[in-house]
Each structure stands twice: as C-alpha cells, then as structure tokens.
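K.L.:
Residues per chain, in single letters:
2 protein chains.
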Amino acid sequence: MKTSEREFKVIGTRPVRHDGIDKVTGRALYGADHSLPGMLHGRVLRSPHAHARILSIDTSRAQAMPGVHAVITGDDLPSVPDRTEALGEGTTNANDLSNNLLAKGKVLYDGHALAAVAATSAHLAEEALDKIEVQYEVLPPVMDVRAAVAEGAPLLHETLRTAGVPESKPSNIAKVIEFARGDLDEGFAAASVIVEREFTTAMVHQGYIEPHNALAKVDADGQITLWCSTQGSFDIRSLCAKVLQIPLSRLKVIPAEIGGGFGGKTTVYLEPLAIRMSQISGRPVHMVMSRNEVLRATGPTSGSVIRLKMGANAHGKIVAADALLDYEAGAFPGSPVLMGAVVIFAPYALENFRIVGRDIVVNRPRTAAYRAPGGTNAAFASETLLDELAEKLAIDPIEIRRRNATCEGVQAPWGPRMQKVGYEELLDAAQSHPHYSAELPPPNGPLVYGRGFAGGGWGNAGLQSSAILSVNNDGTATLVTGSPDIGGSRTSCAMIAAEELGLEAADVRPSVADTDTIGYTDVTGGSRVTMATGLAVFEAAQDVKRQLRERAARMWECPEEGIVFEDGDAIRPNGERLSLAAIAGKAGRTGGPVIGRATVNANRANGPSFAGFLVDVEVDTETGKVGILRGTVFQDAGRAIHPAYVEGQMQGGSVQGIGWGLGEEYIYSNEGKLENASLLDYRIPTALDVPLIEAVIIECPNPAHPLGIRGVGEASIVPPPAAIANAVAAATGKRLPVLPLSPPRVHAALQTGD
Amino acid sequence: MKTSEREFKVIGTRPVRHDGIDKVTGRALYGADHSLPGMLHGRVLRSPHAHARILSIDTSRAQAMPGVHAVITGDDLPSVPDRTEALGEGTTNANDLSNNLLAKGKVLYDGHALAAVAATSAHLAEEALDKIEVQYEVLPPVMDVRAAVAEGAPLLHETLRTAGVPESKPSNIAKVIEFARGDLDEGFAAASVIVEREFTTAMVHQGYIEPHNALAKVDADGQITLWCSTQGSFDIRSLCAKVLQIPLSRLKVIPAEIGGGFGGKTTVYLEPLAIRMSQISGRPVHMVMSRNEVLRATGPTSGSVIRLKMGANAHGKIVAADALLDYEAGAFPGSPVLMGAVVIFAPYALENFRIVGRDIVVNRPRTAAYRAPGGTNAAFASETLLDELAEKLAIDPIEIRRRNATCEGVQAPWGPRMQKVGYEELLDAAQSHPHYSAELPPPNGPLVYGRGFAGGGWGNAGLQSSAILSVNNDGTATLVTGSPDIGGSRTSCAMIAAEELGLEAADVRPSVADTDTIGYTDVTGGSRVTMATGLAVFEAAQDVKRQLRERAARMWECPEEGIVFEDGDAIRPNGERLSLAAIAGKAGRTGGPVIGRATVNANRANGPSFAGFLVDVEVDTETGKVGILRGTVFQDAGRAIHPAYVEGQMQGGSVQGIGWGLGEEYIYSNEGKLENASLLDYRIPTALDVPLIEAVIIECPNPAHPLGIRGVGEASIVPPPAAIANAVAAATGKRLPVLPLSPPRVHAALQTGD
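Which chain is which? The protein sequence lines are A and B, in order.
If you're matching positions, the first sequence starts at 2 in the working numbering and goes up one per residue.
If you're matching positions, the second sequence starts at 2 in the working numbering and goes up one per residue.
Hints are not guaranteed to be accurate.
The list treats identical chains as interchangeable, and a pair is accepted whether it falls inside one copy or across any two copies.
Said to hold, decoys possible - With a Cα cut of at most 25 Å, we get these calculated SDA-like pairs of lysine to any residue:
(1) K24 <-> G283
(2) K253 <-> V25
(3) K587 <-> D544
(4) K587 <-> P417
(5) K253 <-> A29
(6) K587 <-> T92
(7) K24 <-> S282
Simulated from the structure, these hints should not be mistaken for lab results.
Given the structure is predicted, the values throughout are model-derived calculations rather than measurements.
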C-alpha cells in the first residue's frame with residue numbers, strides 16, 4: 002500500500018505529549034538537577050582577552066586552598082591528533098576541540114577557558130579561580146572575516162593553511178569549497194536584469210534557556226558515568242573519549258532532559274573537564290555554566306559576508322548566479338559554510354552558477370551547529386536578491402520563485418537529483434493564503450508598512466538510529482531509543498509504534514536511554530529523529546508484529562502462514578482474532594516476552610524539506626524600529642506525525658529567524674570583548690515581540706520513507722530574515738543588506754541607503 | 002556440539018567483576034542514595050501489640066503540623082480483591098498484601114504498619130508519628146504453630162478457612178498440601194530400623210545489610226517513577242499496581258544497586274506508601290527503614306514444627322517416610338511449606354512416602370522468600386534422621402545417601418522424572434575429599450569434637466527473561482537485562498555474551514535496566530538469573546552473530562551462505578576473516594548498528610542443583626557453645642560460568658545455614674513483642690564466627706541448557722543446620738532436634754537429651 006493511500010488512526014492526531022506534564026509542572030530532571038553524595042563543584046577560569054599568548058599559569062595558590070580537590074589547565078589534557086576526522090556530529094579536529102576546552106599556548110577569544118577548579122562548594126571554586134595567576138602577552142584581535150582575510154592580518158594559528166588550496170601559506174582562511182556548473186559569462190550575457198550586493202550577517206547564538214551542565218563520576222577502576230544535557234549522548238561519548246584518550250566502553254553517558262539545544266548541544270565544553278577533575282579528585286564533579294559563559298564561550302553560529310550576483314531573463318528565469326560566502330568559524334576551523342553553499346540556491350533549478358565558500362577563523366568563540374546551520378545567512382542573500390529581481394522585472398515575488406522552483410528530477414547545485422519535494426505546492430499554498438492578499442495598513446505618520454516573502458530549504462540528515470519496542474503483558478508497550486528529545490520525538494516515535502501496533506499513543510511509553518542501554522544512535526540534529534529514529538521504531542514494530550503472528554499461531558495451534566496483524570489484532574484466515582493484549586497476556590507461555598528491535602542507517606530514507614515565510618512589518622521611520630504585524634510559515638512536512646509539534650517547530654524556527662533578522666548579534670568592543678553577554682543585552686525575541694505565527698503544513702510524502710516523513714525542525718529558520726528584509730524594502734523602498742535589521746541600522750539606512 | 006565437549010575461553014575464568022570496584026570503593030548507588038529536589042521523608046507508625054483490634058486512629062494532630070504533607074492509614078489504600086492469584090513472585094493475595102502494608106481492622110504482629118507520614122524532614126515525620134492516636138483492644142496473640150492449631154486458639158482472621166480441606170471451619174491453618182506414593186504401612190513393615198522425631202526450627206531473617214528503601218515521584222498526570230532496592234523490578238511494578246489499583250504502564254520501577262536480598266526483597270513494604278504519599282502531597286517521597294523495622298516488620302522465613310518418621314532396610318535403603326510439616330506463615334497465609342515438602346526428600350529415590358504440609362498463620366510478620374525457601378527446615382529433619390538411620394545401621398553416612406541417591410530417570414516425590422543431576426558425583430567428591438578422612442582433635446577437657454555431613458537439593462526456577470546486546474563501533478558491546486544483580490549475574494551474563502562473540506569479559510558492559518527500558522523479566526530469585534537471563538543473553542548473542550555474518554557478506558559483497566562466526570571473526574568459505582571490530586566499525590555503512598535481542602521462557606532450560614555440607618564442630622560441654630572448626634561445601638553447578646562467584650554463592654549459603662543452625666532466631670515475649678530486633682541481639686555469624694569455607698564445585702552440565710548451567714544460589718543453604726546437628730551428635734552422642742543449636746539449648750540438651 003502506498004503511504005499516501007494509507008489511513009492512519011494515530012499519526013496525524015494531537016495526543017497529549019508524553020513529557021508534557023512533567024515539564025510544565027517543573028518535575029522533569031534537567032542536567033543541573035542531578036546530584037551525588039560527595040559531589041564537588043567545578044568552575045572555569047576564562048580569558049579576558051580576545052587574543053593573547055599565555056606566558057604562564059600559576060595554579061599553586063589555588064591548589065593549596067583547603068576544600069579545593071582539583072585544578073587543571075591545558076597541560077592536564079592528553080595530546081590528541083591534529084587531524085580533522087569523523088567524530089561526533091560530522092567531522093572534528095580533536096586537537097582544536099581540546100584547545101577549545103582548555104587553551105594551550107594562546108587564548109583565542111574573550112571567554113576562552115584556561116583552567117578549571119573543583120572544590121567542595123561553588124563559592125570556594127570561584128575564590129580559587131581568583132587565585133590562579135596568568136601572565137599574558139596581549140595580541141591584536143581579528144574580529145571579522147573582512148579583517149581576517151586582509152593582507153597582513155594577525156594569524157590566529159601560525160600553522161593553519163587553507164584546505165582546498167594547494168601550496169597555500171599560513172592564513173586565517175581554513176578551507177575553500179566550490180560548487181559550479183554551466184557557464185557564468187554566458188548566463189549573465191543572457192540576463193535582462195542583473196543585481197549584485199554584499200551582505201553582512203551577525204554572529205548569533207541559539208539562545209537555549211538551559212545553560213550547559215555536566216556531572217561526572219569516575220570510579221576507582223576508571224569507569225566513567227556522565228550526566229549532561231545533550232542532543233547526542235553517543236557523540237558526547239565519542240568526543241570525550243577522543244579528547245581524554247580513553248576507550249568508548251569506559252564511558253557511559255546519561256542524557257538528561259534538555260532545556261533547548263538547537264544544535265548548540267552537540268559538542269563538549271564542561272564534560273571532559275568534569276571527567277578529568279573527577280579522575281583527579283576521586284569524587285563526582287558537577288559543573289553548570291552561567292549565562293555569561295554560555296554567550297561568551299559556547300558555540301554560536303557564524304556571522305558572514307556574502308557577495309552575490311544574480312541575473313534573470315525577462316521571464317524571471319535565473320540565468321546566472323555567482324556567490325562568495327565568507328563565514329566566521331570562530332577561533333577554530335569549522336563554520337557551516339558548506340551548508341550555506343548547499344542552501345543558497347537549494348530551492349531553485351539553476352544551470353549556470355558558481356558558489357565559493359570560505360571558512361575563516363576569527364577571535365570569537367568556536368562556532369557550533371545552529372538550526373539549519375549556515376542556511377539562514379545564505380538565504381538572506383539569495384532570497385532578498387531574488388526579490389529585487391522580481392521587483393525590477395515587475396513579477397510577483399512568489400511567482401518568480403515558482404518559475405525557478407526545484408522539483409523532482411532537478412539536479413541540485415551540490416550534485417544529486419531531487420526526489421519529489423513540495424516546494425511548488427508550498428508556493429501555491431502561500432500565494433492562495435488569505436494573508437498574501439490581505440490589505441496592509443496605509444502609512445500613518447512615521448509608520449510605514451510592507452509585506453515580504455522568502456523561501457528556503459534544508460536537506461536534513463539520515464544517519465544511524467536504534468529502537469527497542471517491548472510489549473507489556475497488559476497489552477501496553479515501552480519504547481526505548483537513544484535520541485534525546487528536543488522537539489517532541491518521544492511522542493512522534495511513540496505514535497509511530499502505536500499506529501503500527503493498533504494502540505493508543507498513551508499506551509506506548511517512550512524513554513531515552515543512556516549509551517550503555519541502547520544501540521548506537523546518532524545526534525538529535527539534522528531534523529533526523531522522527532524520520533530516522535522513527536524509521537527504526539517502524540521497523541521494530543514490524544519485528545513485534547512478526548512475533549505476535551507467530552505467538553498467535555502457537556495459541557491457535559495452527560500454522561503461522563496466512564495470519565495477518567491489523568488494527569491491533571492477529572487475524573486467522575478463518576476470521577478469528579486475538580488482540581495484542583490477549584497475545585501479550587499469554588506471552589510467558591508462548592515463548593517469553595515479545596521485544597522488537599531495529600537499527601537503521603536512515604540515509605536511504607531521508608528527504609529534504611522546504612519552507613516559506615510570509616511577513617507583514619511596520620517600520621517606524623523616525624526610530625528605525627521594525628515590528629512584526631503578522632507572520633505565516635509554510636512548510637512541507639512530508640507527513641506530519643503530530644501536527645501540533647510540527648507547527649511548534651515551524652513557529653519556533655520562524656521566531657528564531659525573526660530574532661536573527663531584527664535584534665540578535667554578538668557585539669564586540671574593538672579589543673574583542675563581548676559587550677552584550679547577557680539576555681538583557683543580547684536580544685532574543687520574547688512573546689511581546691512577535692505575534693502568534695500561523696503555521697500551514699503542506700504534506701508531500703517523502704517517497705524514500707515508508708511513512709513519508711521529512712524532518713521538519715530546521716527549514717523554517719531559513720527564510721524569515723530575508724522575508725523581513727523584503728518586507729522592509731516594500732515598506733520603505735530601501736534594500737538593507739545587513740543583519741540584524743535593528744533600529745540603529747535601519748535608521749541609518751533610511752537616512753542614506755539606495 | 003555437545004556443551005560438555007565445547008572448549009570455553011571466557012566461561013570458567015575469573016575476570017574482575019564489572020561492579021566490583023564501584024562497590025568496594027563505596028561509589029555504587031544504593032536505594033537510599035537517591036534524592037530529588039523537594040523530596041519529603043516518610044516514616045511509618047507501627048503496632049506495639051502482636052494482636053489487637055484497632056478501635057480508632059486519629060491522625061488530625063499529625064495532619065495539622067506544619068511541614069507534614071501527607072498522613073495515610075489503611076483507609077487511604079483502595080479495596081483490592083481478596084483472592085490469591087499469580088502476582089509478583091509466585092501467587093499473592095492482594096488484600097492480604099494491602100493489609101500488611103497498612104493494617105485495617107486489626108494489627109497482627111508487633112511492628113505491623115498502621116499509618117505513615119511524609120514531612121519535610123525525617124525528624125518532623127517522626128514527631129508527627131507521635132501525634133497519631135490509636136485506640137486498641139488488645140487480643141491474646143498466637144505465637145507458634147503448636148499454639149495456632151490448638152483447640153480454641155484465638156483466630157487471626159475470622160473468615161480464614163483451610164484451602165485444600167473441604168468444608169473446613171474458620172481456622173489458623175490456611176492450607177494443607179500433600180504428596181504421597183506407594184504404601185506406607187507396607188514400607189514401614191519392611192524396615193529393619195525406624196526412627197521418628199519431632200523437629201522445631203526458629204523463624205529466621207535473611208539478614209541483608211541494606212534496609213528497605215523507596216523513593217517515589219508521582220507526576221501531575223499520575224505517572225509514577227519508583228527507585229527502590231529490589232530483586233525484581235517487574236514484580237514490584239505489578240505488586241504496586243495491584244495494591245494501588247493503577248495500570249502497569251503508569252509505573253516505572255528503577256532498580257537501585259542492592260545491598261543483599263536473599264529472597265527478602267521480592268515484595269513491597271514502603272513502595273506503595275511512598276507512592277501514595279507522593280500522590281497526595283505532589284512531592285517526591287523517600288522512605289528508608291531502620292534495622293528495628295526490618296527485623297520486626299519485613300518478611301523473615303518460617304519457623305516450623307516437623308514430625309518425621311523414616312524406616313530403612315538392613316542395606317540402608319529407605320523403605321518408608323512419613324512427614325508432617327507445620328510452617329509459620331506469619332500474619333497472613335503464604336509460608337514456603339510447599340517447597341519444604343518438595344525439598345524434604347528431594348535427594349532420594351523413594352517408593353513409599355507421605356508428605357503433608359500445613360501453612361499456619363501466627364502473630365508474627367508475614368514471611369517472605371529466603372534462599373531455598375522452606376528447604377532448610379525440611380532438610381534439617383530428613384538429613385538428621387537419615388544420619389540416625391545410618392548410625393543405627395552402622396553404615397557410613399555418605400554411603401547411606403549414595404544408596405538412596407536420586408539420579409536420571411527417578412520420579413521425584415512431587416511428580417516429574419529427573420534429568421541428569423550431579424548428586425551421586427557430589428557424594429563421591431565429598432567422600433574422597435581429604436576433609437572427610439582428616440583426623441579430628443581428641444576430647445580436651447570440656448571440649449568434644451565431631452564431624453557431620455548432610456545433603457540437600459533445590460529445584461531452581463525458569464521463568465521469563467529478556468536481553469538486549471548492542472555492538473559498539475569499536476568492537477565492544479553493551480548488554481542490558483532486567484535482572485537486578487544480587488549475586489554476580491551482571492558478570493556471568495557479560496561472560497556468556499563475551500564467550501559467544503569472541504570478546505574479553507571486560508569488553509562487554511552489562512547494565513540492569515528499569516521496567517520501561519527492557520522487556521519483562523521475572524524476579525532475581527530461584528537461582529534463575531545466570532541460567533535464564535543467561536539463556537536470553539546466549540540467544541541474543543546468536544542473534545548478533547547472525548547479523549554479523551550478514552554484514553560481513555555485505556562487506557565482502559558475497560552470499561551469506563557458508564559464512565560462519567567463530568572466535569570473534571566472520572570467516573568466509575575461502576578462509577578470509579573479518580573481526581567483530583572490523584564489522585562493527587563499518588556497521589553504519591552496512592545497515593546501521595547491530596543489536597541482538599532475545600526473550601525466553603526458561604522453564605524448558607531449568608535444572609535442579611544439589612549441595613552437600615561437611616562440617617567439623619567443637620562443642621563446649623560446659624557452656625553448650627558450638628564452634629565451627631572446618632567446613633567444606635560441595636555443589637553441582639552444572640557449568641560454573643565464573644567459578645569465584647559460584648564459590649561465593651556456596652560459601653554465602655553455607656554461612657547463612659550456619660547462622661540458622663547455631664544462633665539466629667526470632668525471640669518473642671509472651672505478649673508477642675520481638676525482644677531481639679537489632680543485629681546486636683539477633684546473631685548472624687560474623688567473620689569471627691566461621692572459618693573460611695572451602696567450596697568444591699562439581700560440574701554435571703544441565704542437559705536442558707545450551708551451556709549446561711544450573712542455578713547455584715540456593716542449594717548450599719539447605720544442608721548446614723542438619724550437618725551441624727549430625728556433627729554435634731557425633732561429638733556428644735546426643736540428637737538435638739531443634740534449631741538454633743544455641744548455647745542454652747545445647748547446654749540444656751546435654752543435661753537431659755536421649
């Protein structure tokens with residue numbers, strides 16, 4: 002049966018989420034809630050300089066304080082390979098990771114960790130930090146990509162050479178990548194209109210509410226148990242094992258409930274320090290960051306400078322596109338510029354293009370993943386420039402997107418041919434939505450109004466997952482996976498199991514297991530969990546159903562052949578039925594408990610998701626303040642397992658995109674000191690800043706997945722900044738190629754601008 | 002390949018135990034070590050009377066105390082069926098269980114719980130207990146089975162009638178069971194010698210060091226998480242669900258590390274109270290018993306009176322045996338008298354016998370399982386009387402056992418025919434052991450010396466188990482079961498997995514999961530875990546090997562047929578090899594992680610184990626003190642997976658048997674008050690009381706099990722009291738049919754005796 006024809010009973014409904022009550026009543030146990038007898042409290046000493054050589058660190062006075070049980074510096078971490086390899090989420094250079102944990106030789110950003118202390122109380126640990134004496138030789142910092150690539154720029158890493166460029170000399174450019182096809186000159190020659198701009202976007206943080214935390218317990222034989230808030234317990238295990246040079250099997254990672262991650266909780270900061278100090282002290286060590294530490298020293302996503310030139314013919318068909326993406330990596334290589342290069346033209350069928358991306362180190366924190374990493378910056382450039390093309394050609398901005406829209410069979414800029422995707426359906430839905438034709442308020446004194454639209458896509462990830470589905474003897478079931486739940490995957494996975502077994506969603510009790518308890522499972526990221534872990538759950542349910550048919554045959558004392566399992570019953574060819582509960586109740590006598598299991602590499606089942614954002618803005622031309630009047634997000638979910646969660650993802654991504662578009666940015670002083678390291682000064686949108694975003698789900702089933710699922714967590718953050726900029730242009734007649742569109746920037750642009 | 006011919010690499014070795022370091026360094030987390038934010042502390046009000054009607058309970062003053070968040074009595078527990086049914090370990094009457102948790106109508110023993118309080122501190126909770134006012138009508142107590150069956154005895158339960166006796170009137174006899182075969186009169190007529198005695202054994206406690214504990218967290222939607230120290234998390238789940246009338250799927254039980262159980266941690270005392278008070282207060286509730294509470298109010302095993310008559314012919318062949326076993330049930334029906342009836346003649350092939358067992362309620366705590374429940378009392382009677390027969394017939398005491406020994410094909414007194422067992426081999430080993438022929442010291446003043454031997458068997462249990470075995474990508478593995486580890490089963494199960502996969506024991510990391518995380522698994526009891534959960538592990542490993550062959554075929558791009566997995570490698574017909582680590586390292590590319598799983602009903606694979614105990618005693622005829630000079634325990638382990646653990650079980654069971662034989666007993670006042678409710682007065686043997694017990698493992702593989710395993714946890718506790726009594730008889734010439742053989746009893750007997 003084709004999934005599109007199948008009727009679902011549980012999938013597509015909106016049951017109460019399994020973890021909901023726990024969370025709203027404050028009972029859920031987050032990382033910082035764990036404690037152990039005899040536990041020490043760890044704190045980190047951080048650099049006040051953006052760029053400096055460490056001449057000496059004297060920890061002797063801290064070591065001597067009563068109640069201080071461990072003091073560590075970079076010298077207390079083992080040497081690790083200076084080689085980028087498959088490790089954790091994607092590829093990682095373990096030496097960089099180690100140097101980011103505790104600086105060796107140089108500090109590379111304001112907040113860079115230098116030393117850590119574990120003491121019997123947090124206050125004592127902080128006092129001990131004050132007693133650590135560090136001598137620095139302060140160096141000039143490199144704060145953005147323009148400065149980093151300038152001739153004679155100070156070098157962060159004296160030995161770093163540019164990957165992808167043969168015989169390069171030491172540089173701040175860590176890597177150059179390129180996608181190209183067709184003939185650019187020919188393309189631009191055929192264009193009726195050409196537009197070109199340089200875009201600048203700011204470094205922004207994921208803004209999860211829960212700070213990073215870790216509790217490590219190292220036993221006398223070296224066995225390690227680590228509690229932490231993470232998106233990927235197996236990734237944390239492999240990263241800790243690598244930087245501490247211990248075997249994987251020594252370390253058990255227990256993922257706590259997680260108070261937001263958005264990509265930022267896929268790597269390690271405190272975890273190896275807590276382990277190391279527990280190894281030294283012989284006592285459990287607990288560490289929790291302050292907000293200041295989270296902003297200064299965990300991984301935000303890259304600010305960028307993007308130079309983009311696009312040409313279109315009179316019909317609005319894009320005939321050439323040339324992009325240079327310069328992304329801030331932070332202090333160590335690893336920006337998401339590759340994904341920016343994938344996303345920049347992902348929604349469109351192009352024949353002549355070149356996309357060059359550069360990964361550039363600067364004296365800012367090492368970047369980490371953030372929801373559709375690299376995509377929002379890129380789409381800000383392409384989707385505003387496309388809007389400008391539409392304007393110049395007098396074509397409806399959604400119509401110009403439809404004329405270029407990618408679809409089944411199109412070769413994507415990065416190589417593969419697309420399977421069925423829902424971008425055209427999404428554009429139709431946006432164009433026919435009442436929001437698109439609603440009237441805008443007329444100008445009112447200094448207030449002007451505009452509407453903008455932008456699209457964007459995200460490829461999503463497949464990767465590996467495991468699932469165990471056990472049937473209780475009362476006919477309910479328990480489901481174990483290794484995917485920390487950051488966006489409702491416990492419920493969506495339980496619903497998949499319930500659908501297959503003919504149960505109610507509440508009858509399947511999901512849990513997220515530690516790394517000793519479940520098979521290898523990749524990170525909760527890439528919007529992969531409902532798709533990939535869901536696939537493992539789907540297959541585990543098939544395994545259960547196979548066993549239930551076998552047990553039913555044993556109960557009926559008949560051959561298994563011809564028995565089917567449907568709607569929660571095993572059915573004999575003669576029509577007799579045995580319910581799952583009846584079979585489960587006798588499982589002890591027909592061979593023991595019934596447990597299904599499956600493991601998958603879900604790359605084969607992955608499919609991309611596209612989103613669009615439609616927004617009305619009010620611009621105060623006197624102050625430059627941009628307000629959001631109305632927002633509607635459209636997204637192809639493939640199959641929405643729990644539509645309320647899908648809507649939540651779409652709304653959440655949109656709001657984060659609005660924050661990125663309007664207010665969020667890392668503000669550094671000339672000396673490289675982060676000047677807004679608090680949530681008072683780093684402005685993420687609050688409920689007062691945004692209206693309720695309407696979410697419109699489009700369902701074009703993913704043909705590669707047995708349930709048609711596409712990951713839905715990320716695509717919705719890609720369009721909003723571009724949509725807002727397009728709306729501001731519509732309101733003011735000015736194109737502002739800069740993020741965030743904060744009042745001072747907008748105000749200044751309105752005075753000058755083009 | 003027959004298991005007896007197979008060569009093992011891991012099985013039979015003595016690797017460091019996986020949980021060892023954690024335990025010896027004090028890091029292991031036991032039930033009482035858990036704490037949660039906002040946790041309340043619960044305490045229990047207990048009856049000072051052995052038998053009384055509850056006229057009223059006034060909790061109002063306690064309720065009114067600031068800081069008291071919940072006060073409950075029997076009225077706060079729901080009504081449950083007054084029916085004995087399959088529930089928890091074996092069968093349970095939920096109504097009795099509920100009344101034992103919190104008395105309704107009557108209190109039935111000193112220490113019987115009446116009410117419980119949860120408050121912000123333990124001291125406050127204790128103060129609140131003092132403010133609860135209870136009015137009693139004190140009733141005469143019934144303290145032993147003789148008094149309980151006497152005409153006109155006070156009745157504990159006015160409506161209790163004798164199961165197995167049609168039209169019985171209300172009585173303290175809860176049940177009568179009987180096994181019989183052949184013709185007793187004919188048998189005794191053929192006897193050359195007949196001996197008959199009445200034996201009395203005392204109520205004894207398992208003496209686990211860790212008291213009972215429970216931490217319950219009930220969420221706003223009624224979902225319950227329970228941490229406790231238990232031998233069977235699924236049993237605790239079903240018992241709590243039954244007495245609280247909640248669905249199984251509401252309750253997740255997380256088994257803590259356990260500080261001894263020996264059968265006593267298979268039922269509930271605090272758990273439902275903690276849950277109920279958490280339901281009421283909305284806060285987590287933590288409860289831990291004092292030692293006084295453990296001794297007064299948890300389940301010891303039955304004291305008993307056993308009347309036994311045996312006859313043998315001149316060759317020492319037992320020709321008739323007639324037994325009446327009266328077992329104390331404690332306050333509610335449920336003594337292990339049935340198992341006593343099974344064990345009493347288990348080691349022997351008998352043709353004419355009658356075994357009648359009676360389950361009798363008395364005003365003592367409700368009994369619970371204790372290592373080979375009911376067996377030690379029974380064997381004390383049969384093995385001392387057989388010794389007396391040997392003495393009278395001048396046959397060597399081991400020789401008379403060999404002449405009667407059970408073996409393959411013999412029909413057991415309780416019905417089935419025996420498969421191959423190792424009792425004859427065990428007797429041979431004992432007889433040829435240097436200990437049996439070593440010289441005893443000559444009498445020395447008041448000190449006299451004697452040697453005794455006794456045998457005994459235990460049938461063991463099969464039941465259901467589940468196992469999940471996951472392969473890590475570095476070639477190590479993690480193993481998850483649902484069997485709390487009370488005797489080394491984590492290590493033995495890990496060794497089975499390691500053996501099958503060609504790994505080292507340390508490369509398999511075992512864990513014990515909660516009830517949401519692993520499939521249904523029956524209690525850790527009946528010596529079943531290494532046999533039954535081990536069988537699930539064995540089968541899960543076969544599942545892993547099947548997948549590894551499939552993955553190897555994919556890597557070689559060849560058909561799977563002909564590929565074998567041996568010694569940790571997949572081997573192609575052409576001799577090419579791929580190690581487990583090599584296959585695991587590529588698992589992501591050949592279909593995802595490898596997880597094996599199996600569930601079993603292991604009744605089919607179970608086999609009994611027999612033990613023998615050889616002991617030398619020194620009797621001080623002036624004081625009556627009996628000392629143990631030397632002890633050797635012999636046991637058929639089938640296959641000793643980790644011989645050091647098997648020896649530990651044999652030694653532990655022997656020492657508990659010595660305690661039972663020499664010092665342990667519940668001493669009640671005439672009013673039914675327990676007078677020795679502390680470990681100072683209730684004398685379990687310490688290291689100073691016993692020599693190192695030598696353990697001799699016999700291995701007669703269990704033909705029903707693929708690895709030949711027999712459960713080894715229990716049989717060793719059966720023989721010691723009988724062996725000691727035989728040794729005392731050899732030293733003093735007096736037969737003392739009473740336990741314990743404590744100095745006052747022995748002293749008195751030496752003055753009178755027969």
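K.L.:
Could you run down the list of hints and mark each one as holding or not?
P.N.:
Each hint tested on the structure:
1. In the homo-oligomer, the alpha carbons of K24 and G283 lie at most 25 Å apart only across protomers (14 Å), although the nearest pairing inside one protomer, at 34 Å, exceeds that limit.
2. Within a single copy, K253 and V25 get their C-alpha atoms only as close as 29 Å, which misses the 25 Å cut-off; across copies the closest is 20 Å, which meets it.
3. In this homomeric assembly, K587 and D544 come within 25 Å of each other (Cα to Cα) both inside a single copy, at 18 Å, and across copies, at 24 Å.
4. For the identical chains of this complex, K587 and P417 are inter-copy neighbours only, at 24 Å across copies versus 51 Å inside a copy, given an alpha-carbon limit of 25 Å.
5. In the homo-oligomer, the alpha carbons of K253 and A29 lie at most 25 Å apart both inside one protomer (21 Å) and across protomers (14 Å), since each shortest distance falls under that limit.
6. In the homo-oligomer, the alpha carbons of K587 and T92 lie at most 25 Å apart only across protomers (17 Å), although the nearest pairing inside one protomer, at 49 Å, exceeds that limit.
7. For the identical chains of this complex, K24 and S282 are inter-copy neighbours only, at 18 Å across copies versus 34 Å inside a copy, given an alpha-carbon limit of 25 Å.
Violation of the numbered hints given earlier is absent; every hint is satisfied by the structure.
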